[in-house]
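S.K.: Working from the sequences, and respecting the hints, build out all of it.
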Amino acid sequence: MSQTSGAAAPTPYAGPPPAAAGRAAAAPGPPGVPGSPGAAAGGSAPTAGAAAEPAVRNTPGWLSQVRLVVASVVVVAAALTTLMLFSTWEGARAAAADTAQLVRVQTTKVDLLRADALATNAFLVGGLEPAQQRAAYDSALAEVERTVTDAAQAQPADRAALAALNEEVLSYASAMELARANNRQGFPVGAAYLNQASTRLRSTALPLVDNLVEANQQRSRDAMSPLPWFVVILPGLLGLGVLVYANQRLAQRFRRRFNLGIVVAGGATVVMIVLAGLASGSQGSEDSRLLRGSYATVVDGATARSAANDAKANESLRLISRGSGATFEKNWNAAAATVVATSSGDSLGSVSGLWRTYAAAHAKIVALDDAGSWDQAVAAATSTSATSSTAAFNAVDDALRTIVDDAGARTTATLDSGRLIFLAELLLALVAGMAAAGAAWRGVTDRIEEYA
Amino acid sequence: MRLTRVWAPVLAAAVAVGAAGCTSVSPTPLPRSTPTARATAGAPPTAQSCTNFLQSYAPDGPLPAPTALPSGSTMAKIRARGRLIAGVSADTWLLGSRNPLTGRIEGFDIDVVQQIADAILGPGAKVELRVITTADRLRVLEQHQVDVVVRAFSMTCDRWKSIAFSAEYYRAGQKILIRKGSPITGLASLAGKKVCAPTGSTSLTNLIRLAPKAIPVPAATHTECLVDLQQGQAEAITGDDTILAGLAAQDPYAVVLKEKAFTQEPYGVGIPADDIDMVRFVNAVLEREHTSGEWEKSYDTWLAPTLGKGTGQPAPVYGRVAP
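In order, the protein sequence lines correspond to chains A and B. Each residue of the first sequence is one higher than the one before, starting from 1 at the first, in this note's numbering. Each residue of the second sequence is one higher than the one before, starting from 1001 at the first, in this note's numbering.
Hints may contain errors.
[Said to hold, decoys possible] No more than 27 Å apart at the CA atoms, straight line, and that leaves these computed lysine-lysine pairs for DSS-like:
#1 B:Lys1161 x B:Lys1077
#2 B:Lys1161 x A:Lys364
#3 B:Lys1193 x B:Lys1260
#4 B:Lys1258 x B:Lys1180
#5 B:Lys1126 x B:Lys1077
#6 B:Lys1077 x A:Lys364
[What the hints assert, rightly or not] Among chain B residues calculated to face chain A with C-beta under 7 Å, some are:
#7 Leu1030
#8 Arg1032
#9 Pro1100
#10 Arg1130
#11 Val1131
#12 His1144
Think of the hints as simulated: they come from the structure by calculation, not from any bench. A quick note: this is a predicted structure, and the numbers were derived from the prediction, not measured. Glycine included, C-beta positions come from ideal geometry on N, C-alpha and C.
M.R.: Here's what the structure looks like:
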């Protein structure tokens, strides 16, 4: 294919004999200096038109300009393509990390609500706090502390919010200890400490966690929206266009249809475009698959789980406020609506049945309380038998925890697994781009050397 | 030469784009802190604007037996329901508080509730205790959510405008509780000091009226005031001597100033304004408490250990005409 004669046959098109060409190349000195009369005089080419005359005189200068422009364009195109691919690659890494962080902060919210529900329940029963409940409260708070530390390490942007949250958790825990100490002595001020701690948890700590959840959800969504493939291949196409144009201009001047170097550069650029398009296209479709699939399960499952725990805490608060619990029942209903709405999909389908069982147990407690049988309502709410509201709730919580953990691990693993292949494609695209620049440079250099 | 001139900006641009792509995570925002409303009470408080705030409706003769309640009366409806619904406090020690060890609500006010319930439903009657805050007291009566409110409820002219009271069943007086070693010696030294009292209480309006230079710190209940005092957010608590005695008993560093009470707080049973038959009935119950010695017994159990012998059950004042 390609050239009519090999690069070794140094026959410039304009017809000047090699000697003349040699003179022309030698005379102008620095490229771009106009009017090297030697070339014009020696040239006095028989075939060259008047219009072509001055260009021909500057041919080596013009060629080195072409060489610089073409090579630069291709290098920039390769660099831009690589950068865009790199940002997509980085996006997949960030998406995996952000999803893991999202699961962490959602877990923190659940643990806080759970600790509060346990502490409130212990007060409801009266008398000595059951050791088992105390242990569950302790482990929920310990998990909060651990998760906050992990989360602060994983995402520096969350550190300020997590530090503020840590402060709130500390003051919550110490208020709860004061509540307990007073409670053990039979002082009602213990209940006031409990009430204040619980109110403050909801007014200060939980909004912080909500901010963290929202920020990480936004971050992971953003990270999972890579540049579309047709944007990523744009610089490559531009480079290809410049190569085609350069080849045409060279062909006009030298009467050879193809410059081997430029053609090789074009081929390498096409390889780069195909690699970039493939890599970003497959990443894009995988991301949107995740956003609809396991990632959506993480978000919905975690939302459902914190709403479920919120509902259970409100069940206790309703009873502890003893007859003045209308607002807590409203909160319960709002949280229940969230659970029902988020667990309607296939992935959380198994939860809706469990939730209905718990909701029925809750309805019984409400009926007892509304009928004035507060003591029986408390007995039903704090019972740990297999048919109790607490057991039904634990089944919901356990199911959701398993679903969220699995979906989170699946999302992270999927995002991580594609990264090596993507990196290989990225590096190959970079190599192809650089090769294209080198070939283009070489191709034009050959023409220049023909003048030497 | 020329090469470096051309490539330098290209490389710089590439590095800049790359760097921008890597570090664009904006920090998680912190919720804007909204300063908690340390509000003062709304309307400018006044002293009693009438003279008959102690006056209630006279009973219709002697107390009827639970089985002989007038048909169609409020009491008959309560009997048909099977339980009395009362708004009470669960954290005012000695008057009405939840015993953390048994989970039961008990105190001087709760004894009054039980007496009323027994008179309607028979001995050991079922009572539904609804725990309400100080500020809830008027609302739950106006909306008929409860039959009675027995919760350290001072009889005032303003409150008579929207609800009714039984005759006075206890005479309390407002005092000040301080931390041990505090420079506060009485009402006059409260200027510039943070003083806690429950929202919607006469204690708070009296504080604003009698010590206008004090900084009022409202809380939901008196016991939450004790939390504020223990945590240093309040320097003193003002309230009825009955309530303050209960607070002081929970904290060895809290002392009630030994001055004369600066207001008189007559406690009445709060009843919806249109249940006048119920008011008359409750007054008959209170009279029976006096003759049977139930009142004395209850006082000795709950209040005598901290407040001393006291002046006994106040004599009822009747003569209010039904509107």
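S.K.: Tell me, which hint numbers fail for this structure?
M.R.: 2, 8, 12
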